[in-house]
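Undergrad: Take the sequences, apply the hints, and build the full model.
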Amino acid sequence: MLKKHGQYGKQDSFNAGKIKPENISENGNVKIRLTSHNVIERNTDDKTGKTLVGTGGKQTGIAWFNYAVVTPVPVPGRVNINTAPPRLLASLPGINSTLAENIYTGRDRNGKKILKPYKCLGNLFKVKGMTPDIFERCVNILDLDSSDFTVEVEAQILKLKNLNETAELSPDSIIASRRKRFVIEADKKEGGYIDISEIEQYPAR
Numbered sequence: 001m002l003k004k005h006g007q008y009g010k011q012d013s014f015n016a017g018k019i020k021p022e023n024i025s026e027n028g029n030v031k032i033r034l035t036s037h038n039v040i041e042r043n044t045d046d047k048t049g050k051t052l053v054g055t056g057g058k059q060t061g062i063a064w065f066n067y068a069v070v071t072p073v074p075v076p077g078r079v080n081i082n083t084a085p086p087r088l089l090a091s092l093p094g095i096n097s098t099l100a101e102n103i104y105t106g107r108d109r110n111g112k113k114i115l116k117p118y119k120c121l122g123n124l125f126k127v128k129g130m131t132p133d134i135f136e137r138c139v140n141i142l143d144l145d146s147s148d149f150t151v152e153v154e155a156q157i158l159k160l161k162n163l164n165e166t167a168e169l170s171p172d173s174i175i176a177s178r179r180k181r182f183v184i185e186a187d188k189k190e191g192g193y194i195d196i197s198e199i200e201q202y203p204a205r
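If you use my numbering, the sequence shown corresponds to residues 1 to 205, in order.
Source of the hints: derived by calculation from the structure; they are not laboratory data. Among the hints, a few may not be true.
Straight-line Cα separation of at most 25 Å, DSS-like style, residue types lysine-lysine; simulated pairs [stated by the list, open to error]:
hint : residue 1 : residue 2
1    : Lys113    : Lys128
2    : Lys126    : Lys113
3    : Lys112    : Lys126
4    : Lys126    : Lys116
5    : Lys180    : Lys31
6    : Lys128    : Lys159
7    : Lys31     : Lys20
8    : Lys159    : Lys18
9    : Lys31     : Lys18
10   : Lys20     : Lys180
11   : Lys112    : Lys128
12   : Lys116    : Lys128
Small disclaimer: the values here were computed from a predicted structure and weren't measured.
TA: Following this line, the structure appears as structure tokens:
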């Protein structure tokens, strides 16, 4: 139940939960079913003629849903402006598609593509179309180095004639295969070591 003794309007919305990997088909499709409950007038007869016993009051009307919005779950970390594609840059606050393309190509105010790789975040002020207001809105989620990575691992069980076989593998040689993706965070430590921690894992399709 979403709300007790409440009334919903056409502009109301609610969070229906997360879509997990097991909810996604092999083709990448998702089927969503929203079911309304108890949208009836209480203390009335149902289709069988049996009296419906309620707790008083009435629930009348219909339930409708205009649309469902599916959004990706955010992954913690900053955006590396040296490697981020234009589509990702355009999703940041204040950055439109034109400015995103200029950042991606390193285009300066004279139209020359000479700014990349960026040495510091302040170099973004030299990008054509960048303003102090836009810079202030997005600088806290930008970085020059990547710390979050997606790693895909594939394990295969192979059928070989002998251990010394070096011929190219055919699809018939693969008995079983399994892939998995991991979202990891690399934290640089003293002494040249890197500490890797797992943020999320899910099957790869």
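Undergrad: All hints, please: hold or fail.
TA: Here's how the hints hold up against the structure:
About 10 Å separates the Cα atoms of Lys113 and Lys128, which keeps this hinted pair within 25 Å; it holds. Annotation: proposed proximity of Lys126 to Lys113 holds, straight-line Cα distance about 11 Å (limit 25 Å). As the CA atoms of Lys112 and Lys126 are separated by approximately 11 Å, the hinted pair is consistent with the 25 Å bound. Of the supplied pair hints, the one linking Lys126 and Lys116 holds, its CA atoms being roughly 11 Å apart against a limit of 25 Å.
Between Lys180 and Lys31 the alpha-carbon distance is near 23 Å, which keeps this suggested pair within the 25 Å criterion. With a CA separation close to 57 Å, the supplied pair Lys128 and Lys159 exceeds the 25 Å bound. Simply put, Lys31 and Lys20 have alpha-carbon atoms about 12 Å apart, close enough for the 25 Å limit, and the pair holds. A C-alpha spacing of about 39 Å is found between Lys159 and Lys18, which places the hinted pair above 25 Å, so the restraint is violated.
For the hint pairing Lys31 with Lys18, the CA-to-CA distance comes to about 13 Å; that is within 25 Å, so the pair holds. Taken as a hint, the Lys20 and Lys180 pair is honoured in the structure, with Cα atoms around 14 Å apart against an allowance of 25 Å. With a C-alpha separation of about 9 Å, the suggested pairing of Lys112 with Lys128 holds against the 25 Å cut-off. This hinted pair checks out: Lys116 and Lys128 have alpha carbons roughly 13 Å apart, not beyond 25 Å.
Of the hints listed earlier, those the structure fails to meet are numbers 6, 8, in rising order.
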